[in-house]
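Sequences and hints are given; from them, build the entire structure.
Going by our numbering, the first residue of the sequence shown is number 77, and it counts up by one from there.
If you are wondering where the hints come from, they were derived from the structure by calculation, not from laboratory data. It is possible that some hints are incorrect.
[Claimed, not checked] For lysine to aspartate or glutamate, the following EDC-like pairs were computed, each having C-alpha atoms within a straight-line distance of at most 16 Å: (1) K97 / E247; (2) K97 / E236; (3) K168 / E248; (4) K168 / E247; (5) K235 / E181.
Just so we're clear, the structure is a prediction, and the values are computed from it rather than from any experiment.
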Amino acid sequence: MFQPLSEQKEATIYQYKLVRKLAFEQGFQRFYYISGATLALALLIADPWPSLLGLMTGFMLIPAMHAAIIRMALLRRHSLESTSRRWQWRWKLPFPGYMPVLPMELSVFQRLQLHKLWIGACAIGAFYPWLSPWLLSAYLLLHLWLLAPLVYAIVRLHKENRDGVIKLPFEEPFFSYYHR
77 MFQPLSEQKE ATIYQYKLVR KLAFEQGFQR FYYISGATLA LALLIADPWP
127 SLLGLMTGFM LIPAMHAAII RMALLRRHSL ESTSRRWQWR WKLPFPGYMP
177 VLPMELSVFQ RLQLHKLWIG ACAIGAFYPW LSPWLLSAYL LLHLWLLAPL
227 VYAIVRLHKE NRDGVIKLPF EEPFFSYYHR
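Here it is, written out as structure tokens:
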């Protein structure tokens, strides 16, 4: 019934070679947390109540907007059922939000993160006539702050082959880049 791979004529073996492990060291994580706290403090000093409202609602609305952008972008390519199994909510910093559970192609990951960056900024900017400047600033800064580690990873992996595979373990703050 089961044959060794050497005896199978049409066996397919997927081999992935770890090319690069992109770790987010303690220094980067400290800078990330301190910059977020500094930006939030600057907003709160400038105008406390609208900024506090913006930061509190932004921590719920911005990740939901990111998830909606990802689901809409993936819905064009795949079925929604496979999308929901491959992506899960993650609340641990520096990668909070809707993140891939399974390895995915680097080109797809890069495209999704750039979609989140530009479509998210445009969606926040679309509310310019109705939101106060401080609320709009809080949403925009929170949006950019949440995407900063992912954009950093995209920049660091920019010269790698786009047909490679990227994996984000849920337990540790690093990306693994594999090539076939």
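The hints, checked one at a time:
1. The hinted pair formed by K97 and E247 meets the criterion: a straight-line CA distance of about 15 Å does not exceed 16 Å.
2. Under the criterion of a C-alpha separation no larger than 16 Å, the hint pairing K97 with E236 is consistent with the structure, at around 12 Å.
3. Taking the CA atoms of K168 and E248, the gap is about 9 Å. The hint holds against a cut of 16 Å.
4. As the CA atoms of K168 and E247 are separated by approximately 9 Å, the hinted pair is consistent with the 16 Å bound.
5. Taken as a hint, the K235 and E181 pair is honoured in the structure, with Cα atoms around 14 Å apart against an allowance of 16 Å.
Taken one by one, the earlier hints all hold for this structure without exception.
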